[in-house]
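Peer 1: With the sequences and hints as input, model every part of the structure.
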Amino acid sequence: MQPDAARAALSGLDPRAAPETLASSRAPLLVGVRHHSPALAAAMPKILAAFAPTVVLIELPHDLAPWLPWLGSPELVAPVALSATSPDGALAFYPFADFSPELAAIRWARAAGVRVDAIDRPVSSKPLPDAEPGAAPRAGRLLARLEGGDDTGELWDTLVEARAPGDPEQLRRAALAFGWLMRADSLHGGGIPPEDAAREAHMRSHVYRALATPGSRVCAVVGAFHANALIEAPIVELAPPLIEPLDIEAASATTFGALVPYDFALLDARSGYPAGIRDPTLMQRAFELFSEGRALDAVIAELLVEIARELRARGHVASFADVREATRMAGDLAAIRGLASPGRRELLDAIESTMTQGEPLGRGRIVARALEVVLVGQRRGRVPDDAPRAGLAVSVNALLDELKLPGAAAAASHEAKEMTLDPERSPLDRRRAVALARLEICGIPYAEKRVRGVSGARGDVDNLTRRVALRYTPETAARLELAGIFGTTLPAAAEGTLRRGFAPLVTEEAGLARVWLEHVEQASAAGLPGLVHELLDRAGDVFLPAASLTELARAFALVVRIERGHVAGLPRERAVLRGGGVMDDVVVFERSLVREQEQVLFAALRTLEGIAGSTDEGDVRAFVELLSLFERQDLASLHHAVTTFARAGSPMMRGAGLAARMLLGLEEPARFFTSFVSLFDQGGDDPAASTARTATLRGALLVGGPTFEAYPAFVSEILQGIDRLDDARFLLRLPSLRGGFDVLSAADRQRMLDVIGAPASALELPTRPEMLAACARADQAGLAALARFGLMSPLPAKLSSAASAEPPSGFRADHAISLADRLRLVLGREPSKLGHGSLRFARALDELYGGGHGEGSRGGDGGGQGASYPTAREWGDELRELFGEEVREEVLGHAASGGHGAALALLDPEHVTPSIELLEQVLSLKGGLAERDFDHLRRLAKRIVDALVRVLAMETKAALSGLATPRASRRRSGPLDLRRTILRNLDTATVEPATLGSDASTERVFRISPRSFTFRARARKSLDWRVVLVVDVSGSMEASVLHSAMMAGILGSLPAVSTHFLAVNDRVTDLSSHAADPLELLLSVNIGGGTRLSRGLRYARSLLTVPARSIVILVSDFEEGGSVGELIGEVMALKESGARLLGLAALGEGKAPRYHRGIAERVVAAGMPVAALSPLELARWVGEKIRGGGA
Amino acid sequence: MSNMQSPPPEVLFADELAFLETWDAGTRPKGFRMTASSVVTFLMGSRGEALKRPKSAGKKASGPESLVISPKFVGSRALVERSVITLAGERGLLLVGEPGTAKSMISELLAAAISGTSALTVQGTAGTTEDQLRYGWNYALLLAKGPHPEAIVPSPVLTAMRSGRVARIEEVTRCLPEVQDALVSILSDRRLSVPELSGSDPHIEHAGLGFNVIATANLRDRGVSEMSAALKRRFNFETVPPIASAREETALVKARATRMLERAEAELKVDDAVLEAIVTVFRDLRLGRTEEGYAVEKPSTVMSTAEAVSVAASIGMSAAFLPSDRDVLGLVPGYLAGVVTKDDPKDRGRLLAYWDGVVKKRAEGKQRLWQTLHELRAQLEE
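Order-wise, the sequence lines are chains A and B.
216 is the number that the working numbering gives to position 216 of the first sequence; each next residue is one higher, with no gaps.
7 is the number that the working numbering gives to position 7 of the second sequence; each next residue is one higher, with no gaps.
These aren't lab readings, by the way, just hints derived from the structure by calculation.
Some clues are possibly wrong.
With a Cα cut of at most 35 Å, we get these calculated DSBU-like pairs of lysine-lysine [as the list claims (entries may be wrong)]:
| hint | chain 1 | residue 1 | chain 2 | residue 2 |
| --- | --- | --- | --- | --- |
| 1 | B | LYS361 | B | LYS254 |
| 2 | B | LYS269 | B | LYS254 |
| 3 | A | LYS1135 | B | LYS232 |
| 4 | B | LYS30 | B | LYS232 |
| 5 | B | LYS298 | A | LYS1185 |
| 6 | B | LYS361 | A | LYS1135 |
| 7 | B | LYS232 | A | LYS1185 |
| 8 | A | LYS417 | A | LYS46 |
| 9 | B | LYS342 | A | LYS1185 |
| 10 | B | LYS346 | A | LYS1135 |
| 11 | B | LYS254 | B | LYS145 |
| 12 | A | LYS449 | A | LYS417 |
| 13 | B | LYS30 | B | LYS72 |
| 14 | B | LYS366 | A | LYS1185 |
As the structure is a computational prediction, the values presented were derived from the model and not from experiment.
Peer 2: What follows is the structure, given as structure tokens:
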């Protein structure tokens, strides 16, 4: 039919008046189907029995015909699938369930002893080019509009399924009408795609050949869309040539295609499989009902009850009333839509209205999961025992032979074969690498990676060669059989495994970004371009919104590697493949990834906001990478983010932001270096200030470090800055400076020293040491004399020993350590050139920092070369002597947190300065200590905790005390307080004749004209509040955990509040019994492990007896390790119960939190506000809630 | 009618309502003035076809013999079908969605079609009291006569109950939770007892057939009170999505902005291309995904169609009353920044990121209008 004709035919169309020619054809009898249709599958035996064909033709590739006997076998339990691989490597997949009309036809034919044949174009024939761009796909847009449905599936349901169970002939006609409409619409829209046309020509030829047999009665069971094409043209025009020559025997069943058991989860469209359908269990039930001649509404109520039960099993409310209302709605909707009985669409509509409560993300998701369990189901198929086994093992063995890798024949030998692969240079190795990646994805134990040497900081992804050990074991063979369900060739099986792994996660959303990234990495390594395409297409949905900055940086690197053709599985050009035998299994990847790169970069730009408070150097490194990528672009949002860091970030991010502003040209280098160097001599010397100083330096150096040397301002500023400090202050600051510069690699520090050191050494007098010594001694004597007369402050005591032991190499009194030595000390390089006195300082600090890391850390003249101290005590003494008590505690604290257990023993409980940081360090060690040390630690921790709690309690208790008193109110907020109103207005009373009622004439009434009314305000009970602190103790949250524990202690001491403390990582630990004792609490908490916030919240929910007087506070960075959907569900459930909720991204004095932005936003949307609060602010919030301010 | 600024649907579409009431003789849900499918037709329109009155309607029906029903709601038919079916049942209908998604319009249309009036309305605010949902007292009468049924001042809800019609509650989540809960017993028992009158004989107000409640709520806005679980279970929820097609949204923005300017007796002198650009930006930021498929960060502000209308109208006003040589396009970024950054200072960063990513991209694509917009970036910065 020409498009014009179709258009004409469509103009006055009545869809229900199906073209009579199609329906009345008897040569052949046409049965137009959809591949999954309970209505037609149930009607099929009746249709066929009524027609009594001599041959049944099925729309199935002709070369799969040998499988028909097994498909019809009574031993076969559906669902099963026939799979085969087409020459272009694509997987062809034909699933069959009880509700597949084709399977029903095959079964009927087998039972009736009628011949069956497969008539579709063979899988093994050459693929045709895709349809012209612009040609409309086969979608019934026009019809959808006519019928008001949203897609073709719904149109089919309305036109065909809703008639079941009815007269089979009517169903057949309806289905043919549907197909005719689709075809007309398709012609209208742009014609039949070439692939379809070729298939139809093929089918037509088969049909005509079958008809040519005298006395034959032919029935063709084909897709409704194709039914038209089988009877349109006269036989002569389309005879034999269209059947492509094919030797079926040669394509033997064992090597070509496979019949595999299938299950409903795979069959469901959401599993990511091609040819999927929705809701197999619903279809199965419908098929069973239709076969018995009953309508679908019989099971609607039943399914709804199951869904409600499933919801309740998940801890959510779903009552009988919901089920009743949903059942009614489904029925009434069917009526308003003119259907005989409700179908899938009405069922889903009814559920959406009655159960999801307008919350597509929260409750909707939970309902969706329950639906999936009930409607998808678990049913699994079985293949007849005598059917040939899956072809995967066969094809893999052939492949291994071809690649000259040990195969099944080598299974006997126990020796692993080791080989080095060089995919960049050898095409054979490239193919091997790809094959091994695919085997790994399928979970088939075969290759073992051998790690060689030391891998770089970025892992071994960029290594050119890799070494593997290969071994074919019995387990390899067994796993191959199992993996056969996913496909008969290795690429198909790998792709199937990956797809199956990914699909359920999309609904779960557990760490989706990471999973997506891993899948892209695996799919590209395994050369699965189709899957890579699809995953990249979905980046915008699943990856970009949820990815962290680190993940984005990783994704960017991956995309760039693919773009450059550095990924073994995805070569960019054919040339690479030449000369390596058959290359069909490695496909050239032609997609340009420029757009993906951009998308990742923009996404990265957006995540910057979330890391302002980061203390993780990984974030800064990712940020640096981002900066370099955006180098030449002038981006206001990047400037905004960077400025935010510099102004309000954590100390480290502040440093990073300042340096980035300079690199981006937002700040004059000179000004930046001035402020950079001012860090050296400004700020306090307490532990918190020095930790912050170190962090800021580290942040700035991470961003700009090695490039700073290029700026002249840097050299002069550093020299001036270091020179400005007198010796005492320099030594006080030295540990924090050294800690800051330590972030650079040893080689970088050496280069920096070379650059800055050049002018510095010029300052050293080129005089002989003896001369200098004499001068210094004279100087010192003079100074001492001056001091004696009170004319000058004496030399710092700590320095005296150093100064007197050896002549100082500088020449200023309070600068006994020369500028060059100072630089060496700060940078931790060239200890051999240090003056002897300075060497002691260097050695004391080297004990802490060692030789540094990265390039140049091994060998050379670096720090950490000297012998270490015999005992920690000697080191501690030396530190005290050199730097003084405060610095000693600080350095030891650092050492302790770095795992230097002995250093901890040296910390003195009496003198230690209490700080959260120190407590953090102390507590982080509790696991690895001996009993004796533990006692010391306990005393240390107790002192710190007591001091901190005392301070905190002073601040917060005021905010927690005081209660509101309920009383009568003049606000119109409740019922009228009649008594009080009358009392207040008695002065307006008058006595008048009654005007109302029957005997108005005689009676007199007392009347009040109130001027003001009094109402009863609702009183609030303020007693017995319950506060549940759910605290994430998964590693990254230490400071918040400490604050939480102390807050728990303070809240626990209030009379009207009962406090619970739940520590959550992979498990939930109820530490409520310790809630009043912060120290005990902290010692019981084991920081580390994964994060399962939903479990903590679920447990919290079980603790609530009166939700309206309960507060649940979740302290977490929201990096949920489990299902995000579940977390959101729990938040909603808590919200629904009426409890007051608060999420704390951080609890502490620092303002900027570090948290997973994506998840936190969804938690907020679910009803839990998220903030970062200081303990005082938290106390105020809790106080307000308890006093009733937050209704 | 002519002197009303905004006539209610029962006035505006009186002829269509009258026609539909007699057009379909099928069974109507109890208390409905027309069949359920006629209600759907009233909202969705008759697809341009003229509906013909069946012969069976007889002579008693007046009005035209055939009528084209105009479409009034641009959106999913299934949504309307579900809403109508819900109202025929035992639960209330709660329409939720972002501001500017025509929730109130749907509720008015439904009430007008089902009960013939959309006037039985309670506007929910933080100051709404229980009286407004249940009943109040005529105090003078109360004091004079004591508790007596005549002293009851019925709320719109009680009036709807008595007459078997549909009551509407706008912005139900703005009422305080305890006030909202007054609806629980009304919706579940379909009756209202008046305890003050229970002295001799319990006084109970029963809901007539056809009574139901349509509430609208905006679950994302600031200052809303959470609904109690008990109340939620008495409602079927329908989420009204923003307009799906950009073309329809642009047309709607244009029409509304034109109307707003007409009230000020001015003419909308803004290019369609500029309107399209405004709508595009709103849609991109609302959906978190651009036309081209880039993901962008959603600002915390609600980027509703209503806001787009107000931006378009403001620009139109500027062009009309403060004419200058400047291109109206130059005003766009400033107004956008005003809309986007009113809640959360972080939103400015998000808007800037949008400018750096998407707008820049479009500018590079040689689209002149976007080039201009990109050059105006400075307006967005503080």
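Peer 1: Are the hints correct? Go through all of them and say.
Peer 2: Verification of the supplied hints:
Between LYS361 (chain B) and LYS254 (chain B), the direct Cα distance comes to roughly 26 Å. Compliance with the 35 Å bound is thereby established for this hinted pair. Under the criterion of a C-alpha separation no larger than 35 Å, the hint pairing LYS269 (chain B) with LYS254 (chain B) is consistent with the structure, at around 11 Å. In summary, the hint linking LYS1135 (chain A) to LYS232 (chain B) is supported, as the alpha carbons are separated by about 13 Å, within the 35 Å threshold. A threshold of 35 Å between alpha carbons decides the hint, and for LYS30 (chain B) with LYS232 (chain B) the separation of about 24 Å falls inside it, so the pair holds.
Annotation: proposed proximity of LYS298 (chain B) to LYS1185 (chain A) holds, straight-line Cα distance about 30 Å (limit 35 Å). For the hint linking LYS361 (chain B) to LYS1135 (chain A), the alpha-carbon distance of about 42 Å lies beyond 35 Å, and the restraint is violated. Distance hint between LYS232 (chain B) and LYS1185 (chain A) is fulfilled; the C-alpha atoms sit about 24 Å from each other, no more than 35 Å. In summary, the hint linking LYS417 (chain A) to LYS46 (chain A) is not supported, as the alpha carbons are separated by about 61 Å, beyond the 35 Å threshold.
With a CA separation close to 27 Å, the supplied pair LYS342 (chain B) and LYS1185 (chain A) stays within the 35 Å bound. Restraint check for LYS346 (chain B) and LYS1135 (chain A): satisfied, since their Cα atoms lie roughly 26 Å apart, inside the 35 Å limit. Using a Cα cut-off of 35 Å, the hinted pair LYS254 (chain B) and LYS145 (chain B) is violated, with the two alpha carbons roughly 57 Å apart. Our distance criterion of 35 Å between C-alpha atoms is met by LYS449 (chain A) and LYS417 (chain A), whose separation comes to about 12 Å.
Of the supplied pair hints, the one linking LYS30 (chain B) and LYS72 (chain B) holds, its CA atoms being roughly 25 Å apart against a limit of 35 Å. For the hint pairing LYS366 (chain B) with LYS1185 (chain A), the CA-to-CA distance comes to about 56 Å; that exceeds 35 Å, so the pair is violated.
Checked against the numbered hints listed earlier, the structure breaks hints 6, 8, 11 and 14; every other hint is satisfied.
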